Amino acid sequence: MDANPPITMNQTRRQRISEALLSEGGVSYLVPFILLTSCFALWGFANDITNPMVKAFSKIFRMSVTDGTMIQVAFYGGYFVMAFPAAIFIRRYTYKAGVLLGLGLYGLGALLFYPAMLTGAYFPFLIAYFILTCGLSFLETSCNPYILTMGPASTATRRLNLAQCFNPIGSLLGMYVAMNFIQNMLDPMDTAQRAELSPEAFAAVRDADLWILVKPYLAIGAVVILMMLLIKNVRMPRNADKQFGGSFATTIKRIFSVAHYREGVVAQFFYVGAQIMCWTFIIQYGTRIFMEAGMGEKEAEVLSQRYNIVAMVLFCSCRFLCTFLLKYFRPSALLRTLAIAGILLTVGVILFQDIWGLYCLVAVSGCMSLMFPTIYGIALDGMGEDAKFGAAGLIMAILGGSILPPLQAAIIDCGTVWHHPAVNVSFILPMICFAVIAVYGQRRLRR
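Taking this note's numbering, I'd label the letters of the sequence shown as residues 36 to 482.
Hints are not guaranteed to be accurate.
Claimed, not checked - Quick list of in silico lysine-lysine cross-link-like pairs, DSSO-like style, CA-CA up to 30 angstroms:
#, residue 1, residue 2
1, Lys-250, Lys-90
2, Lys-250, Lys-267
3, Lys-250, Lys-94
It should be emphasised that the hints constitute simulated quantities derived from the structure, not laboratory data. Bear in mind the structure is a predicted one, so any value in this text is a computation, not a measurement.
Model the full assembly from the supplied sequences, consistent with the hints where possible.
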């Protein structure tokens, strides 16, 4: 028997595909790629364990829903405030340094939940959320463009889509932990019942609930710190870590003069807004349908949340599928096609007033699966060193997730619009968002 058996055609083809995606010039990026994709899952976990906490904190502290939404203000505030400082830091040092600092702030913010719990007050939790999200801003500003550099430029968008496949896996885990280890374990008393408790009894219930809420954050904080130590001790590539001159203002002016980047920031703003709207208000949409069918409100909300989980599973599955399709289709063409499909499905969400509308809303998640990393990759195409600041602008566009959902909520609060349920009509906003994305895909395809 030969010591070195002949290489088959399939083996050669698999090796060539692997090299094209995760190696260049004989250098393999497989291990650094795996470590960075773990970070994608970690920030997905943080995003989707946080959304249900608005209601949890409102109940624990006997607050209004408006006060509870300060969590989202702190959360998105960290993303918005820290994006360009993160870019400046990365430009001064390296992508790896940005990843390490991001993980450090993420872990610190999560661990600060323990002293916040000891105070028994709400405001310290907002500080912890803000610090945690400053870390997420560093991570996203570092990891996304770093992934783009780990191989040939021709496969950069597909590589980023592959890495982003692990983000919804973290999101699903975050949703599962929030539902099973926090929401289902909190004291069942509602806000009105808690208001009738004596100060001593309320404090006892509050402290017990806070300890339940804090434990998952302490666990993820420990995991993040371990990940930071692991990455610190692994040799990572220094791709594009060159030092460039030029002032901050000059760089910003230069990157926003590039049409496909400038339009990409706008498209990303509307995409994130559409994503948050579709995933936030699927509960209200499903609850209306199931209550009209004779179901109680609590049961209708629980069933609607299950449809939300199905939507996330579809999102995750379709991201892997779209990563495969990018081998055969231009990113801008696939982006345009899925945006048009999103428009058609949201028309169904608006017009159908039964379970078919909910099916359309779940299917929208399949269309969204491609959008964030593809817009990101298209916008940063050819940006070179400027991708470090360009990434910050695209991360700041996440602000769309805090500006557009309140507009949809205002429509929903109307009850009825044009003789239609307001919750149905409110999905005109995501439809407009998908139209903006479709136009971006078409314009980029023409160029």
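Hint check:
no. : hint              : verdict
1   : Lys-250 / Lys-90  : 18 angstroms, holds
2   : Lys-250 / Lys-267 : 26 angstroms, holds
3   : Lys-250 / Lys-94  : 18 angstroms, holds
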